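Chemist: Heads up: the sequence lines are chains A and B, in that order.
Letter by letter, the first sequence follows residues 50 to 548 in our numbering.
Letter by letter, the second sequence follows residues 50 to 548 in our numbering.
The set of hints was computed from the structure by calculation and includes no laboratory data.
Here the structure is a predicted model, which is why all the values come from computation and not from measurement.
Any given hint could be a false lead.
Since the list can't tell identical chains apart, any single copy or any two copies may satisfy a pair.
[Claimed, not checked] Derived PhoX-like pairs: lysine-lysine, alpha-carbon spacing no greater than 25 Å straight-line:
(1) K275 with K220
(2) K230 with K220
(3) K471 with K91
(4) K275 with K471
(5) K471 with K284
(6) K471 with K149
(7) K149 with K279
(8) K230 with K471
(9) K91 with K67
(10) K220 with K279
(11) K67 with K220
(12) K220 with K284
(13) K220 with K149
(14) K230 with K149
(15) K91 with K230
(16) K295 with K67
(17) K295 with K220
There are 2 protein chains.
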Amino acid sequence: MNILYDERVDGVLPDVDKAVLLRTLRTRLPNLEVLHQREELKPYECDGLSAYRTTPLLVVLPRQLDEVQGVLRICHELRVPVVARGAGTGLSAGALPLEKGVLLVMARFNAILHIDPDARTARVQPGVRNLAISQAAAPYDLYYAPDPSSQIACSIGGNVAENAGGVHCLKYGLTVHNLLKIEILTVDGEHLTLGADALDSPGFDLLALFTGSEGMLGVITEVTVKLLPKPQTAKVLLAAFDSVEKAGRAVADIIAAGIIPAGLEMMDNLAIRAAEDFIHAGYPVEAHAILLCELDGVEADVHDDCARVRQVLERAGASSVRQARDEAERVRFWAGRKNAFPAVGRLAPDYYCMDGTIPRRELPGVLQAIAGLSTHYNLRVANVFHAGDGNMHPLILFDANQPGELERAEALGGQILELCVKVGGSITGEHGVGREKINQMCAQFNSDELTLFHAVKAAFDPGGLLNPGKNIPTLHRCAELGAMHVHMGQLPFPELERF
Amino acid sequence: MNILYDERVDGVLPDVDKAVLLRTLRTRLPNLEVLHQREELKPYECDGLSAYRTTPLLVVLPRQLDEVQGVLRICHELRVPVVARGAGTGLSAGALPLEKGVLLVMARFNAILHIDPDARTARVQPGVRNLAISQAAAPYDLYYAPDPSSQIACSIGGNVAENAGGVHCLKYGLTVHNLLKIEILTVDGEHLTLGADALDSPGFDLLALFTGSEGMLGVITEVTVKLLPKPQTAKVLLAAFDSVEKAGRAVADIIAAGIIPAGLEMMDNLAIRAAEDFIHAGYPVEAHAILLCELDGVEADVHDDCARVRQVLERAGASSVRQARDEAERVRFWAGRKNAFPAVGRLAPDYYCMDGTIPRRELPGVLQAIAGLSTHYNLRVANVFHAGDGNMHPLILFDANQPGELERAEALGGQILELCVKVGGSITGEHGVGREKINQMCAQFNSDELTLFHAVKAAFDPGGLLNPGKNIPTLHRCAELGAMHVHMGQLPFPELERF
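Just chain A, same shape as in the assembly:
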């Protein structure tokens, strides 16, 4: 039995005859690469959230658009669910395969089709890596702004599917704000264009609807992104604080001063020590919290803003404020932050990365509550986050081999996400819902809202064949959780106790 897709609450999937499917694929798409042996399927069992694993029925690796179309048509005819996958770096098990489904790997569509420096756009295939777009645009002094920490590896198709963010999205927005147009194939293999090359597009905004829809509405086959001129200069300030609350208040003060930093990141002591030990970024290891504040633009402006931010930081009680001396030090400061996850990963055998958002003003209070929860569950929590836009990434440290620790980590994580919802935030900022947070969606939305989501899903995919069991929970799943909740009256997400 597959515990990750639970037919009892997620809906019954059609039974598939693997031999028939394989034969049909081979007959109609003779050049398509298909993996079907157990050992071939192994590498595709999970995405970046490796705690969730399922062996797919089949993996297909198309190279041509008509192969993708063919796979979708065949799966539609035979009623086989399809899960699309890019680089597999997602952190919410959004590309987790199904035992009864085909995993459609888009990684080979990795061509940069056109860079238009006048229109400031790049037209690329979905398997192109995020960073590769900026590299291709660099000769024109342009770049693609959203920069998730996985940007070396993650693909733009996955970025669109998850509406990825990054350390610069406070100023430059999420993926949805940096897109012009996408080409998609619908569940039955029909080709559509969403968005336009020009400003806005009439009709309903299906481009925004599709962005962040986690593979439930169609398969992305081409992406046109906006490029931005590289800022003339970028400077970063590193401020140390003797309490996380002071750092949290400094964040609010910077924003209140009318400054929009290119990045405004916070790390607590555990994260600082881990990153320093791993990267030697030059962080003050005694500080209870640090803020990294990047300012970019033209020279004179940045100079002026740096002085203002320094003043705000000092008034907020920073024990020290340092500006990166040169570009090498600036890159080092950021390397510590961008490698905070793997760095923290060295402190314990396992960690569980959360991705909640909260209104900025709630920062100090939420941080205090997390500290309390950490003590209560007796598990260390490192806090790393995009402070400027209220997107927190608490990392819960545990050892899955110690009896009870995984359960405690999951319970603690659930409590943190419920806290986010309670203060007016949400259960995900940029990593998506995927399979991981499917239950927390029941806390985030009521049944009317979920019903509307299902109606929209049905407009694109009436048979429910695209990535079922992710992103939008069935009402049945929520009812089940709700019933258990009332019955047991304990944890907000009681199914976590079943692990």
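Based on the hints, put chain B in the right spot on chain A.
Modeler: Just chain B now, kept in the frame of chain A:
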């Protein structure tokens, strides 16, 4: 017969017993103000596009949320179509009433509920005027960025429904980029929240989907917008050119130089003369085209950018470049632009305002083509537009009392919009589709795309009661046009010949 809603191609509307509807409204909502006499209905026959007029069955003017809910429930039960209306300033007949429908006027919901200077948000009712939000935020040095020319009068609910723009949307985005959350009532009166106070929101992006949906998906009852800090300073440059093509190229050069102006507007000679005559803005009346380029931000930055823009303008062949001496002159420069429509309106008894978008690089070519079409149809065209983001507003001058002029104006307008689609642009940048451009949507989208729009519409409003006949044409309407197109082989939108 109502020529504006054509049941033959737009779908048959339910027959409504006005007496039963009136009695039901009065019984169940005794405090609701209902207009039903012919002379009371007269002022509500059109919105800002007065060429399109229909007398509504009834007008309701609720003051309480439960009245709006009650109206929707009653109309849902009795199968009566509902058209929502804000301030009625829309320019695409999006709030044009239906003979068989209720006009739901939301103008009395005009309270500013909360300004939160820390979170930089304003929570307001849908009837609040666009400018009133900035006025309420002014004590905190904040403002609401999107500024349509009608900002004194237009309401924020209408801005959301049409995804309104303005002269500053090149830098600060359209309405959709400045929204956090809306409250809506569905067609059957159910209350839903779309979006969230925090960054992003999980699930499908229904907030973006709803924005610009022109009243087809639900009724907006509350809006939470983002506020921005007022820029420290703003300067405007006025450049004169001896050809519109040169001005068009200067726009591309400014963008290519990596500068993002707060506004970048262009006017041709006819518009310049009209505005100067009306407002005395100080425009050079001999110029074939002028550009207004506003730069905002901190003092040092703006100073630097002004120098760079001046250099670009001079290299592009500007015959003169003037910077507004002081704030009074800056405001005067903008007043000319913001009043260009009424100013041009003084040149001829009637004018027809277009709203196409094109990729920026196509600007010089499209301007030349418009000049050619103007000669061909023997009608003057004044060009006023948001050059920076490729959103054109050609104003076609005509006299409806001269036989054949209205027909020629409509035909010329259709040709301009088809030209926009042909060069990769769209038939509307910020005014919406409404009833006005319903036929051009058949040129913009193919039947697969329109089918998907209808499926999305059905997810929200399966009975098709909300604003039918606007925004998304029926396939039947497009087929009819297409058939006539093939048959007659002349105009792209042959029905225009029927006027």
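Chemist: Measure nothing new, just compare the shortest in-copy and cross-copy C-alpha distances for K230 and K149 to 25 Å and report within, between, both or neither.
Modeler: Neither: 32 Å inside a chain and 38 Å across chains, both beyond 25 Å.
Chemist: Between the shortest in-copy and the shortest cross-copy C-alpha distance, which are at most 25 Å for K220 and K279: within, between, both, or neither?
Modeler: Classified as both; 14 Å inside a copy, 16 Å across copies.
Chemist: Tell me, please, which holds for K149 and K279 at an alpha-carbon limit of 25 Å: within, between, both or neither?
Modeler: neither (46 Å within a copy, 55 Å between copies)
Chemist: Taking 25 Å as the upper bound on the Cα-Cα distance, should K220 and K284 be classified as within, between, both, or neither?
Modeler: Cα proximity of K220 and K284: in one copy and across copies (15 Å, 22 Å).
Chemist: Between copies, within a copy, both or neither: which fits K471 and K149 at Cα up to 25 Å?
Modeler: neither (37 Å within a copy, 45 Å between copies)
Chemist: Pop the pair K295 and K220 into one bin, within, between, both or neither, using alpha-carbon distances up to 25 Å.
Modeler: Classified as within; 23 Å inside a copy, 33 Å across copies.
Chemist: Using 25 Å as the alpha carbon limit, work out where K220 and K149 are close: within a copy, between copies, both or neither.
Modeler: neither (42 Å within a copy, 48 Å between copies)
Chemist: Evaluate K295 and K67 at a C-alpha cut-off of 25 Å and name the case that applies: within, between, both or neither.
Modeler: Answer is neither: 59 Å inside a copy and 64 Å across each miss the 25 Å cutoff.
Chemist: Between the shortest in-copy and the shortest cross-copy C-alpha distance, which are at most 25 Å for K275 and K220: within, between, both, or neither?
Modeler: both (15 Å within a copy, 14 Å between copies)
Chemist: For K230 vs K471, is the C-alpha pair at or below 25 Å within one copy, between two copies, both, or neither?
Modeler: Answer is between; shortest inter-copy Cα gap is 16 Å, intra-copy 35 Å.
Chemist: Given a CA cutoff of 25 Å, do K67 and K220 count as a within-copy pair, a between-copy pair, both, or neither?
Modeler: Classified as neither; 48 Å inside a copy, 53 Å across copies.
Chemist: Measure nothing new, just compare the shortest in-copy and cross-copy C-alpha distances for K91 and K230 to 25 Å and report within, between, both or neither.
Modeler: Neither: 34 Å inside a chain and 43 Å across chains, both beyond 25 Å.
Going down the numbered hints, you'll see the structure goes against 3, 5, 6, 7, 11, 13, 14, 15, 16, while the others check out.
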